[in-house]
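Use the sequences and the hints to build the structure in full.
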Amino acid sequence: MDSQGVTADPQLQQFIEVESQKQRFQQLVHQMTEVCWEKCMDKPGPKLDGRTETCFVNCVERFIDTSQFILNRLEQTQRSKGSLSESMSD
Amino acid sequence: MAQKELHFPSSHPIGNSRVPDIQLLKDTFAQFHGAVFVCTHVGEIFIVHFGLRMDNFTTDYSGAGGSGKMDTGTIMEQVKVQIAVANAQELLQRMTDKCFKKCVGKPGSSLDNSEQKCIAMCMDRYMDAWNTVSRTYNSRLQRERARL
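From first to last, the protein sequence lines stand for chains A and B. In case it helps, the UniProt record's numbering puts the first sequence at residues 1 to 90. In case it helps, the UniProt record's numbering puts the second sequence at residues 1 to 148.
For the record, the hints were derived by calculation from the structure and aren't laboratory data. Given the structure is predicted, the values throughout are model-derived calculations rather than measurements. Heads up, a few of these hints could be off.
Quick list of in silico lysine to aspartate or glutamate cross-link-like pairs, EDC-like style, CA-CA up to 16 Å [what the hints assert, rightly or not]:
| hint | chain 1 | residue 1 | chain 2 | residue 2 |
| --- | --- | --- | --- | --- |
| 1 | B | Lys102 | A | Glu38 |
| 2 | A | Lys22 | B | Glu90 |
| 3 | A | Lys47 | B | Glu90 |
| 4 | B | Lys80 | A | Glu34 |
| 5 | B | Lys102 | A | Asp42 |
| 6 | A | Lys22 | B | Glu77 |
| 7 | B | Lys101 | A | Glu38 |
| 8 | A | Lys43 | B | Asp128 |
| 9 | B | Lys80 | A | Glu17 |
| 10 | B | Lys101 | A | Glu34 |
| 11 | B | Lys102 | A | Glu34 |
| 12 | B | Lys101 | A | Asp42 |
| 13 | A | Lys39 | A | Asp49 |
| 14 | A | Lys43 | B | Glu115 |
| 15 | A | Lys43 | B | Asp124 |
| 16 | B | Lys106 | B | Asp124 |
Here it is as structure tokens:
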């Protein structure tokens with residue numbers, strides 16, 4: 001089998017990229033569902049009531065906000081203090 | 001909101017059906033030797049739980065045992081199926097974990113009626129939660145993309 005042929009196949013390349021992105025999305029959904037379940041669900045009832053649903057929605061939004069906050073602050077810290085390893089060895 | 005948990009290409013007979021034809025599923029997955037099928041009805045979604053031996057994840061895609069060049073389309077379809085299976089397994093694993101924690105106190109010699117009812121409700125709520133999270137995250141991503 002021509003291994004060069006497989007990796008050079010642009011259709012396969014694109015397929016891999018698309019599927020990888022879908023998987024990253026799926027993984028995060030699994031992760032956030034688990035985390036938010038702990039925060040929002042007390043006793044499972046016969047249906048998902050409005051308050052609980054709102055909690056899940058807020059939870060997802062705040063999780064993403066947290067992630068962005070961390071990235072931004074890390075970037076700021078690195079810019080002002082030089083490299084992170086410098087500031088960590090203080 | 002009904003959402004298919006197992007993705008089959010729409011060209012595949014299973015692709016658009018909500019109720020899985022078990023025999024068709026078995027035929028489709030015949031290459032996964034030793035697969036065990038447990039069908040669970042969760043809300044509007046039928047989830048088929050696959051028990052697979054770990055070595056099946058290194059399945060020889062050529063089918064005929066390395067006869068030569070593989071068709072790209074076949075590879076893509078097989079990979080999609082494996083991804084769908086992995087996702088279903090992950091979902092079931094997390095759901096089992098959460099519902100065991102919520103519904104089973106001190107473990108007895110069997111699952112009593114109240115525990116079973118709780119687990120059934122818990123499964124449905126977990127699916128509702130999963131769908132809500134998926135929808136919300138998707139909207140958020142689209143909003144972020146629109147900002148750029």
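Review point. For this structure, which hints from the list above don't hold up?
Key: 3, 4 and 16
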